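Take these sequences, add in the hints, and give me the full structure.
Number of protein chains: 2
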Amino acid sequence: MIAVFGHLNPDTDAITAALVYANLLSRQGTPAVAYRLGELNFETAFVLREAGVTSPELLSSLPDGHQVALVDHNESAQSLGGLKKLSVTHVVDHHRLGDLETSHPATLRFDPVGCTATVLLRLHLEANLPVEPTDARLLLSAVLSDTLHFRSPTTTPADREAAAFLAPIAGIADVTAYAMLMFAAKSDLGDTPASTLLKMDYKVFPFGGQKWGLGVIETTNPGYVFGRQTELLNAMRTEKSAAGLDGLILSVVDILNETNHTLVTGESEAEVMQAAFGATTQGGVADLGNRISRKKQIVPTLENYFSQ
Amino acid sequence: MIAVFGHLNPDTDAITAALVYANLLSRQGTPAVAYRLGELNFETAFVLREAGVTSPELLSSLPDGHQVALVDHNESAQSLGGLKKLSVTHVVDHHRLGDLETSHPATLRFDPVGCTATVLLRLHLEANLPVEPTDARLLLSAVLSDTLHFRSPTTTPADREAAAFLAPIAGIADVTAYAMLMFAAKSDLGDTPASTLLKMDYKVFPFGGQKWGLGVIETTNPGYVFGRQTELLNAMRTEKSAAGLDGLILSVVDILNETNHTLVTGESEAEVMQAAFGATTQGGVADLGNRISRKKQIVPTLENYFSQ
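First to last, the protein sequences are chains A and B. Residue numbering for the first sequence follows the working numbering, beginning at 2 and increasing consecutively. Residue numbering for the second sequence follows the working numbering, beginning at 2 and increasing consecutively.
Hints are not guaranteed to be accurate.
Identical copies look the same in the list; a pair holds intra-copy or inter-copy alike.
To be verified - Calculated pairs, SDA-like style, for lysine to any residue (alpha carbon to alpha carbon, straight line, at most 25 Å):
| hint | residue 1 | residue 2 |
| --- | --- | --- |
| 1 | Lys-204 | Tyr-225 |
| 2 | Lys-241 | Gly-172 |
| 3 | Lys-85 | Asp-112 |
| 4 | Lys-86 | Leu-63 |
| 5 | Lys-86 | Pro-113 |
| 6 | Lys-296 | Ile-170 |
| 7 | Lys-85 | His-105 |
| 8 | Lys-200 | Thr-282 |
| 9 | Lys-85 | Gln-211 |
| 10 | Lys-204 | Glu-102 |
| 11 | Lys-200 | Gly-284 |
| 12 | Lys-212 | Thr-103 |
| 13 | Lys-296 | Asp-100 |
| 14 | Lys-297 | Ser-104 |
| 15 | Lys-86 | Phe-307 |
| 16 | Lys-85 | Thr-55 |
| 17 | Lys-85 | Val-205 |
Bear in mind the hints are in silico, worked out from the structure with no lab data behind them. As the structure is a prediction and not an experimental result, all values here were calculated from the model.
Structure (structure tokens):
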């Protein structure tokens, strides 16, 4: 039985891709079961509840040599601990290829599109398998989530076409209204502890010899987040020290106005924001303008900066 | 213009995959041109001559940042020098994933099948593009070459199906007879220098801190090769020292009888043959039985042995 999972600190694409790919593999004669590597965020919980789908089980470890399929990630720092001792048989992803290696020839499918869901739709079409209605709803939700309802610069024509193809199968007549409900659920942060807010959509990247943590909070209500700035900065300092990071930033992305105001942990991060992005930091917040995509607008720039 | 190329010391799959994938990308609106990273072997020269296809041009370097598509390989040790400074936009392969990384999301397609040609056929079918007759002949030749006419344990049902699908398009009525002609061309080694014989199908692999060179000569006439054993051992010693390798072996695979007698450069290689494969070495030749696939039966065992 192949274990299928998305990245740590899962988002909607990571969770739904695991569910849909496990189902697709099983339908194609390769038994597979979906797992998650962390708690559901508010948006994903909303999506699963609306779809009537049970959350995949939490996975914390697997025995050496266990067969796994990775979705929506490929770097070991974003995956299950001990990944290098597991047997990776399948990967479906839309990120840059990182430090993944496989011990045997595997099935790898990476397309440069806005979300894993778009790749998964293609796999159904290529295999001449209909997308089941529940899977269509999960995939559509992931497209809307990862592309911020087509606002993100990571959006490709293929993602728009995927959403248009999936919506009628999913039975969602008003896609815009559904996206707004998803984003409202995501922005309902309530009394979530600051350390949880930091980790909701959080990934660690190796840059040149350095290790940086990059968090993102996508919200329709940035004012709420900045109201908790002191708490968040404390959580960031604690995490940076505990994880032995060289840098840690937390981007607060205003989904509707498409802006990015990024909390920086300290002076060294502020200097990198200035040098890499030409962004000024005031009161602990760097103005990154309309760079709302970590994958397309933050990571490549930092990678380039640190490799010089 | 994307530069498309297979591995160093190209074989038939590497050369034909570059030609066919460059054509496919171009037909899909992404201009691409095929190159080769080394001299054609006798089999590949026969295949191109019979197909009326001009050899791709030799490529020795590209400027930093140039866009490239890799076929039939992904590890930097088997690719163009300075690969890590190039922009890898596409990979089509059937080997294990090695040390490849990409700076941006790319199109990656790896399937665990017997040759790259089988994956390329799938890409045509998925895109609803007919395979052009010349491309069908090139792809069929690659399937026959990489699977040793379906004798190699790397052969999958998909490779047999690909060959059956391609033969009528290629206009090849007797596939077995064509395969025998290919193998005769490959075995016609004439007065080729020993250093060239060694490098005809040769790859360098990192095995847990060590660097090993693994050569293969697939032939219908092993007696000819062993008649030149002294010359070959001298060439192997020279290469091992010049390339700073920890080990170097040259497998002589009898295609028709499906046996592997492997020349070892020295005592240390003989000890590894014994420890990893339980194979005895006599007179500089280790008997590896019916292990005729480097990819499936030699590399994984050595990798496992050196990682302990």
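Handout entry: Copy assignment of Lys-86 with Pro-113, given that the CA separation must stay at most 25 Å
Key = between (28 Å within a copy, 20 Å between copies)
Exercise for the section: At 25 Å max between alpha carbons, let me know whether Lys-86 reaches Phe-307 within a copy, between copies, both or neither. Expected result: between (29 Å within a copy, 15 Å between copies)
Handout entry: Alpha-carbon proximity context of Lys-241 and Gly-172, limit 25 Å
Key = neither (44 Å within a copy, 64 Å between copies)
Exercise for the section: State whether the alpha carbon distance between Lys-85 and His-105 is at most 25 Å within one copy, between copies, both, or neither. Expected result: both (12 Å within a copy, 23 Å between copies)
Practice task
Check Lys-204 against Glu-102 for me: Cα-Cα at most 25 Å, and say if that holds within a copy, between copies, both or neither.
Solution key: both (20 Å within a copy, 18 Å between copies)
Exercise for the section: Measure nothing new, just compare the shortest in-copy and cross-copy C-alpha distances for Lys-296 and Ile-170 to 25 Å and report within, between, both or neither. Expected result: So Lys-296 and Ile-170 fail the 25 Å test inside a copy (29 Å) and across (43 Å) alike.
Practice task
First find the shortest C-alpha distance between Lys-212 and Thr-103 inside one copy, then the shortest across copies, and answer within, between, both or neither for a cut-off of 25 Å.
Solution key: both (23 Å within a copy, 18 Å between copies)
Handout entry: Homo-oligomer pair classification [Asp-100, Lys-296; C-alpha up to 25 Å]
Key = Both: 16 Å inside a copy, 21 Å across copies.
Practice task
Check Lys-85 against Gln-211 for me: Cα-Cα at most 25 Å, and say if that holds within a copy, between copies, both or neither.
Solution key: both (21 Å within a copy, 19 Å between copies)
Problem - Copy assignment of Lys-86 with Leu-63, given that the CA separation must stay at most 25 Å - result: Answer is within: at 9 Å inside a copy they meet the 25 Å cutoff, but 36 Å across does not.
Practice task
Go through the copies and call it for Lys-204 and Tyr-225: within, between, both or neither, with a Cα cutoff of 25 Å.
Solution key: within (23 Å within a copy, 58 Å between copies)
Problem - Same-copy or cross-copy closeness of Lys-200 to Gly-284 [CA-CA at most 25 Å] - result: within (22 Å within a copy, 62 Å between copies)
Hint compliance for this structure: hints 2, 6, 16 are broken, all remaining hints hold.
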